[in-house]
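Enquirer: Next come the chains, spelled out residue by residue.
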Amino acid sequence: MARPVRVSLRVNGVKQTREVEPRLLLVHLLRDTLGLTGTHVGCDTSNCGACTVHLDGQAVKSCTVLAVQADGAEVTSIEGLGSEGDLHPMQEAFWEHHGLQCGYCTPGMIMAASDLIAKNPDPSEQEVREALAGNLCRCTGYHNIVKAVLSAAEATRRQGVSA
Amino acid sequence: MTAIEQPAEKWVGQAMRRKEDPRMITGRGRYVDDMVLSGMLYMAVIRSTEAHANITSIDTSAAKEYEGVHGVFTGEDLHDLASPMPMAWVPPGVEVKTPELWPLARGEVKYVGQAVAVVIGESKYGVVDAAEQVFVEYDPLPVVCDPEEALAEGSQLCHESLGTNQTHEWSIGGGDMDTAWAEADVVVERRIVNHRTAGSPIEPRVCIADYRAGQLTVHLTSQNPHLIRLFMSGELGIGEDSIRIIAPDVGGGFGVKIAHYPEEVIAAWASRKLSRPVKWTETRSEHMSSTIHGRDQIDYIKVGAKRDGTITGLECTAICDLGAYQTLLTPFIPSFTGFVISGCYKIPNLSFTAKGVITNKMATDATRGAGRPEATHMIEIMMDQVAAELGMDRLELRRKNFIPKEDFPAEVAIGIVYDSGDYHGSLDRLLEHVDLEAFRREQAELRNHPTHPIHRGIGFSTWMEICGLAPSRVVGPSGVGLQAGFYESSVVRVHASGSVTAYSGTAPHGQGLDTAFAQVVADRVGTTPDLVDVQHGDTGAGPFGLGTYGSRSLAVGGESLARSAIKVAEKAAKIAAHQLEAAPEDIELVNGKYSVKGSPDKGMTLAEVAGAAYVPENLPEGMEPGLEETTFYDPENFVFPFGAHACIVDVDAETGKIDVVRYVSVDDCGPAINPKLIEGQIHGGIVHALGQALYERIHYDENGQLVTGTFVDYALPSAADVPSFETDRTETPSPVNSLGVKGVGEAGTIAASPAVVNAVVDALRPVGVTFINMPLSTQAVWSAIQEAQGKPAPGDPGKQGGTWDEHGSGSAGSGPTSPSEGGGL
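Listed in order, the protein sequences are those of chains A and B. For what it's worth, my numbering labels the leading residue of the first sequence as 76, then goes sequentially. For what it's worth, my numbering labels the leading residue of the second sequence as 189, then goes sequentially.
No lab work stands behind these hints, which were simulated from the structure alone. Be aware that a few hints might be false.
[Unchecked claim] In the DSSO-like style, the derived pairs of lysine-lysine whose C-alpha atoms are separated by at most 27 Å in a straight line are:
hint, chain 1, residue 1, chain 2, residue 2
1, A, K90, B, K312
2, A, K194, A, K222
3, B, K864, A, K222
With the sequences and hints as input, model every part of the structure.
Expert: Here it is, written out as structure tokens:
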């Protein structure tokens, strides 16, 4: 086993420093070392996107990022996006529009979708579909996910106007 | 107490948000892979790289020396297991040849991915490293891949000891086929391939086995925890009383989590051996090679019709590629195709024969729809083919042969009685959404465009299915031959404070049944759904149950809960009557109160009644304290959902690329408990079938090597590959249960694939394509066009064992990941 490497990063606002194997994946740092199990693993080949988190404000697939690459970074996982009683508009919209069934792809889907509307506050249906093409869902047929994302974008725009 | 037997429904029918969601949208779901036990070890599995071979040696010495490794085990080590993996179908009068499958291979391997050895150790990454130090030597044997060649005289054998590659032959029929052909003016025959697919829930399979001093607890990604407990009890020689199986949040199943798998047995065995909890998490590649596959039938179908469109008979012989071993329900799945071989139609003469074939592949078993998508697919393809042969409108042909509404309950020629239906009604409703005349004008304009012609087509599927598994006397040992009952258990427990725990023997894994069940129970006991907690999937928490599959959970599990809830309400009414000094028959449940008829002010809430029941100072003479009831409900019949779907596609004749531009569905699963949940099931079901029709295919090469072993090669549809859907419903109650409900979990998948294929053929008829098999990859469609125009093209896309290029199983061009690799990643 290679010599452990020190990694310091901020996860959901909390500063964390760990000695890790150089090959440790970010998703395993989050799940196994920090106990943040909301980020899931579904495919091992970066196709399904269940492991999507925000790394310095960008959506990334955390199964394709080494923990050491996140040294010095700010990571937001689903647990840091919003919480019960203080839901992010995207979480609220997934609930309202039945955008999840088994819930396994949901954290990654929500992280990818919230990244989209941060960059493109008024996406078309086609833009939503293409932005989510790297996140697979087997349950919903995507219909209600797309509906939820469009609705969250609208809610966010409205909030922006009123604020 | 009529008022309580038929309570006013306040919550049932509402499109409520799900109770399950708050934890899942915040990352607080509880999936098996999220769990860690102290002292837990990890397991990695060494799998066969050969499709068929004798194992000449396994060298585990290096792996055993690896840091943190507690054990390396092979098939020999597990010699003390009492029985091989179960297969549960013993049909009376039919012999099913069933090769023994042990959790770890014993001297020979029969498919790529078969478990050969395991490494168990302290580090998740370390066991994978150590597994690479296990050296297995194989002596390869001839491989049998093509199921039709496997049946031919003199074929190589997968299992020498069986002396054949055919497992069984099972038939169902009615009427007389000679009469069918004698009365027919046209007879149309086709070879319809329903290729192999992977269920592919996004959550892979996971188990954590923890054996402590005679007690075994297994957390498992299962649709079927109670049966798994029964099987493991036998295999490991541990009493059912001492085993607890828990399926917490399960990340989708689609049928593949019904079966009992080797890894959970090995983990439990190893936990006992090593006195440590053992966790195994499947990789996606393991899922593709070693979790059951679905479909894989070649259907030789023949349909006769009179000139006026009256169908005189339908005959089908299905060659069913079952793979190398049989898992829990493997050989039974094709029989389900036979149960619905009459479709929505009055067909006097029917004959269906399934021939099971062993090949050097992973087993097939139940995948969303399980035999019924295969039936709808071939029947609905044939309706279009026969209409074309007769020169008749496709929908007129369907209407002419539909079982009319007034015939229900309707017995079809194979002897099954459909509970209720209105097939004309659903097609009429569909055509209210789809203006066919306008479509034909648009189609002609697009086709005749001078510079950019587009081939647009419309396809239909008028479908029905059989679900709500199942009346035990029909499906059980002396009936169809499954070695189980198919009732469902429930407990409704009102706590002293009036809130409710509802326990179901089903094992939902995404369907939203916590919400739907709470709605059903709330109305019946007189409370609100937020005060009803629904529990399931834990063998330690309630009575024996049969799990979630076959669209059974609402029609059987929900009805069971409804009955327990009514029993609770009846007891509550007696308590209220006693306390209010009224006659029990004068108590009605109105607006959440057990009140005296005519005096709505005089009444008790459920909480007040529960208080009286648990502090039993003033109960009717002889009544036991407490407020809790149990039901084991065994249905009288199956239920039979139905509907009509239309799909519109654009086909690029230059490249073969297909775009689904519009999809409209009308489905009928009886009265809605929660319309939101129904829509969600239909959307997901349709996309599952679109995936099979257009992209997905499990592909083995001629050496039995799995070519589609990851999501890079096996193409699930993404959001960019499918449209939004227009869904509508009709509501025809089932007379089978008091809720009137039918299942909906598999409906979309059972319905959709022929609508897509018929649409593509409709688009391409002008260029000469009159028939095509799935999957409709760009390569397959382009080849069909070339062939229709007399140009040389590669072979039959449905044929097994060809080259990769021949099949283009969804990678380049047709792959769903092509439009974008995801949100700015």
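Enquirer: Against this structure, judge whether each hint is valid.
Expert: Results of checking the hints against the structure:
| no. | hint | verdict |
| --- | --- | --- |
| 1 | A:K90 to B:K312 | 25 Å, holds |
| 2 | A:K194 to A:K222 | 18 Å, holds |
| 3 | B:K864 to A:K222 | 13 Å, holds |
When each numbered hint is compared with the structure, no violation occurs for any of them.
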